[in-house]
Each structure stands twice: as C-alpha cells, then as structure tokens.
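Q: Here are the chains, one letter per residue:
2 protein chains.
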Amino acid sequence: MPTATRRERQREATFEEIVSTSRDLLAAGEELSLRAIAARMGMTAPALYRYVANYQELVDLVAFEIDKAATDLFRAAADRHRGDPAASAMAAAVAFRRWGQENPREFGLVFANPVAESACLRRDLITISHSCRFMNDLLIDLHERHPIPHPTRDELPPGVLETVVDPVMPVDLDRLTDENRGLLWVFMRVWAALYGVVTLEVFGHIDPRLIESGVMFRDMIANLLTPLGLTERAEELLALVGEELNR
Amino acid sequence: MPTATRRERQREATFEEIVSTSRDLLAAGEELSLRAIAARMGMTAPALYRYVANYQELVDLVAFEIDKAATDLFRAAADRHRGDPAASAMAAAVAFRRWGQENPREFGLVFANPVAESACLRRDLITISHSCRFMNDLLIDLHERHPIPHPTRDELPPGVLETVVDPVMPVDLDRLTDENRGLLWVFMRVWAALYGVVTLEVFGHIDPRLIESGVMFRDMIANLLTPLGLTERAEELLALVGEELNR
DNA sequence: CAGTAGTGTTAACGGGGTTTACCGTAAACG
DNA sequence: CGTTTACGGTAAACCCCGTTAACACTACTG
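Taken in order, these protein sequences are the chains called A and B.
Take the first sequence: its position 45, counting from 1, is numbered 45 in the working numbering, and each next residue is one higher.
Plus 1000 on top of the position in the second sequence (first one is 1) and you've got the working numbering.
Please keep in mind that the hints were generated in silico from the structure rather than gathered at the bench.
Treat the numbers as computed from the prediction; the structure is a model and nothing was measured.
The beta-carbon is built from N, C-alpha and C at its ideal position, and this holds for glycine as well.
Check the hints yourself; a few may be wrong.
To be verified - Just so you have them, the derived chain B footprint on chain A, three or more residues with Cβ under 8 Å: (1) 154-163; (2) 179-191; (3) 200-206; (4) 217-224.
What the hints assert, rightly or not - Using C-beta positions, here's what the derived DEER-type ranges look like: (5) A:15 - B:1031: 25 to 35 Å; (6) B:1056 - A:101: 19 to 29 Å; (7) B:1212 - A:128: 16 to 26 Å; (8) A:39 - B:1155: 54 to 64 Å; (9) B:1028 - A:57: 18 to 28 Å.
Work out the full structure, taking the sequences as your base and the hints as a guide.
A: So this is what it looks like as structure tokens:
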C-alpha cells in the first residue's frame, strides 16, 4: 500500500530522519535542540517547521518513538522465556528497570513528563503507548496460563468501574471478557508499583546502595507475586529476577 | 549569635531575597530564569553570580527551600491529629499528595530531578531534606506509640544492613536503638510506595479518573497498613484518608 | 508551458546563561 | 585621618535557544 507520490515518500523519509536524528542526539548525551537536529541532517532549524508545529511536538514524537524502541527491548527480554508468561513478566520488569537506569534522560522524557501540560498530541499518543500495551498483553498471557485473582465488577473499589469498562490505556479488549475486566484493576496496581519503584530509582531519591543492590526493586516484585497469583512460584521467580538483575 | 558585620548581614539578606523571589516566580507560574529573578529584584542578571555559582546551583537551592516550605504544610496536616501518630501519618501522606498535585512544577523540581546529575550541592542537600526527616520522625512517633513490626538486623535482605547502620537520609538516630535499625528498612519501603504513587499521579501516567477519585492512592495506603502494624485500625484510618482527600 | 504548492534558505527578533571589563562605595588598614 | 582593598553592582558582549518572516528554488499539476 506504499503507493504514494514521490514527494510524499520523500517527506515521510525526512520526517523519520528527524526523529531518528533526535534519538541519536539524545543517545550521544547531547542536548536536544532544533538547531542541533537540523545541523546533523545538513539543514537549518527553520526547515524543521515544515514537519513539526513546534519544539514540544517534536519532543512528544521523539518520546513516542523512544517508548516504542524501548518496548522492543522489553519484548526481547520477555522472549527469552517464551512459553512461561510469569518468567516473561519478571524479565520484562527487570528490562524496564535497566533501561530506565541506563537511559535516564530518555526515561524522563517518556515517563516523567507531565502528560497534562502538553496539550493534545501527547494525550493522544499515550493512549497508544507501546510499552503499556505490551505490559498489558504480558499480564493477559499470564492470566490465560495461570488465572490471576481479580475482583468482580461489583467488588471493585468505587470509581474504578468506569476505568475498566472504558479504559483509556491501550489494551487488547478482545482477550478480556466482560467478567475479566477486573483484571485491568490488577494491571493498573501492578503498573503503579513498577513505575513507582523504577522512577524512584532512576531519580535517585533513595539510598544509592539500595539501587545498586536492587533490593528495593526485588522487594517490590515480591510484593506483586501475591496479587498476581504466583505465590507458589515465588522462590523460583525471585531467583529468576536475581539472575536477570545480574545479567 | 547574629553578630555579623553589616556587609555580611546585607549579603545574607539579598541571598534570601533571591531564593524567595525565585519561589514567588514559580508560584506565579512563570519561568525561572536568572534575568527574571534579577528584574524582580531591581537588579541585572550578572549580579546574581556574586551569590550563586551558576543557574543549576540556584535551582538546587530553591528546590531545597521549597522542600522545606512544603514540609511545613505536611506538618500542619499532621498536627491536626496531634497525639495520634497513625492519623498524623495518614494526614501527612495525603498532604504530600495534594501538594504535589497542586504544585506539579515544584514537585518535579524537588522530587523528580535526577540527584546524581547535579554534582555535589544537591547530593549534600538531600541528606538534610526536611521532608524526609519529617516523615521519618513521624514513623518513629508511630513506632513509639504502636510498635511497628520490623526485621532484626540478620533478617534484613542482603544489601540493606549497611544502609540502616549508616543511613544517608536524615533521621534522628538518637530515637533508634541498634535493635530498631530494621525500622529504617520499613521506612524506606513505605517511602518508595508513597513516592511512587504520588509521582505516578502528578505526572499523570495513569487513567486520570483514578487520580481524580484518589482510589489508587487509597489502595496504596491500604497496602501499607499491614507493614506498619495498623491492621486493627485499618477501617478507621482509611476512612480518615477519605476525609483528608476531600478536604 | 504557466502556475502553484512544497521545501528549503537567510535574516532577524526576543530571550536564555554566562563572561568580561569596568565602576562606585563601603569596609579595612596603617 | 587618608589610603587601599574588596565587594556588589553595571553595561556590553558572546553564544546558545525557539520562532517568525520574507524570499528562492524545485517539482508536481492543470
């Protein structure tokens, strides 16, 4: 279906080059500025405005692509335990943590930028966040293998029902029956715990020795095993987390 | 002891004016720039370099003062339940959350700035963070009233012992016996959970309806009651949290 | 072929942090 | 007391930034 006029293809190509150049710039530890991006492409800054409304929009686009690329890393970690959704989830969580610590600037861009501030683009993009979708899929895999205990619709805390009936986050609703919607509440709690500890560690607002040893992260994972219905495999899975942390 | 030469007093005064002007600027929603600060004080930007090494150092100083002022808010909330450390802790946690949501820029400055990046000043300041010290005091109060279950030194996960023996965070060690050091591990876990959910909410990386209703925050608090040894008062304390959220 | 839309340029504006050189004045000293 | 020194300020400049306006070339379109 790539039957587009030559100009359209050209435009699409330079657009992608802008984003990839931005990512290179960030990866090189340099500041992300329109002038720097343009210079790297052999252009001048004002030309970028033919492709992007303003700087913030560019940042949002780059953040979206970074999230997409990072998700590939998470998926690769999970795939090393294909067939075992529980192990896959552990590996993906560790990969998420590692990626954040190794790329704090990128992490901040994607996960610690106020989504409310940047007007509409970011709010739209977040509803198709690759990482969120991937993690939700992972937990659905897990549930299909080993049922995850979850509340029924009327057991949900007040205020949660609407969010699981009509979720704003990306999730494969085809794999969730109406009775299973309570699972989404479990997912969100898991996400809150994972996001919280990783953000805490990336920003370093805790004793650095606890980050280095990974003990806070392990503890958080351990606390998640019960709500995920994985208590029987706790020992084994925590050992796996230890291995993944030391990879 | 304020026997300082006139010049020294003058210098101290303008220094404090710089910080307070910065806070005013932030509170007004304006951008924090050296030129803006100087202009508000009837000076020019280069003059600020007589008081501050560079922009980042100023930001760190302001962040420190903001943390200090915010702690006063938390303390005020806790004091409304004087004599009941458990209730005080609940109120302080809710106050922390509210402050973060109402002042997201300030919150980001204090709690979502990489501490590792800004070389030395910030690392030094964080070890005397007022908010951290306050929350630790609160939990010690709680422990002195209602003992908090905590591991002994040899029950601690590997890698934690050093951090409770020689903690980098500010805490009143006089109130902690050697046997009680395991409490610090409980404190750090509690901090991780509180920080995580509040940061998640401030940055909006979750369904906004869960933020608005406060259900994710409540759930996190509920999960903390057991490690804090407050299961008997769970219902009452969660009701209190609900009240505080709706203040 | 003429016209037009698309894609780039240069020049410029206003605003950042920061450095340099300079200048009064208040403190310190002989 | 006068002289010297150090401090706290200024103006000008430098180099960065995002952004806009005016203009040019180029490639599609009728």
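Q: Compare the structure with each hint and give your call.
A: The hints, checked one at a time:
Only residues whose C-beta sits within less than 8 Å of a C-beta in chain B count toward coverage, and the region 154-163 of chain A has 6 of them, enough to reach three; the restraint holds. Check on the region 179-191 of chain A: 3 of its residues sit with their Cβ under 8 Å from a Cβ of chain B, so the three-residue criterion for coverage holds. For the region 200-206 of chain A, the stated coverage by chain B is satisfied: 6 residues place a CB nearer than 8 Å to a CB of that chain, which reaches the threshold of 3. As drawn, the region 217-224 of chain A meets chain B at 4 residues by the rule of a beta-carbon pair under 8 Å; at three or more, the given contact holds.
Residue 15 of chain A and residue 1031 of chain B have their C-beta atoms about 30 Å apart, which keeps the hinted 25 to 35 Å range intact. Between residue 1056 of chain B and residue 101 of chain A the C-beta distance comes to about 22 Å, which sits within the given range of 19 to 29 Å. Checking the proposed 16 to 26 Å range against residue 1212 of chain B and residue 128 of chain A shows it holds: the Cβ atoms sit about 22 Å from each other. Taking the beta carbon of each, residue 39 of chain A and residue 1155 of chain B are about 57 Å apart, inside 54 to 64 Å as hinted.
Between residue 1028 of chain B and residue 57 of chain A the C-beta distance comes to about 26 Å, which sits within the given range of 18 to 28 Å.
In summary, the structure agrees with every hint in the numbered list given earlier.
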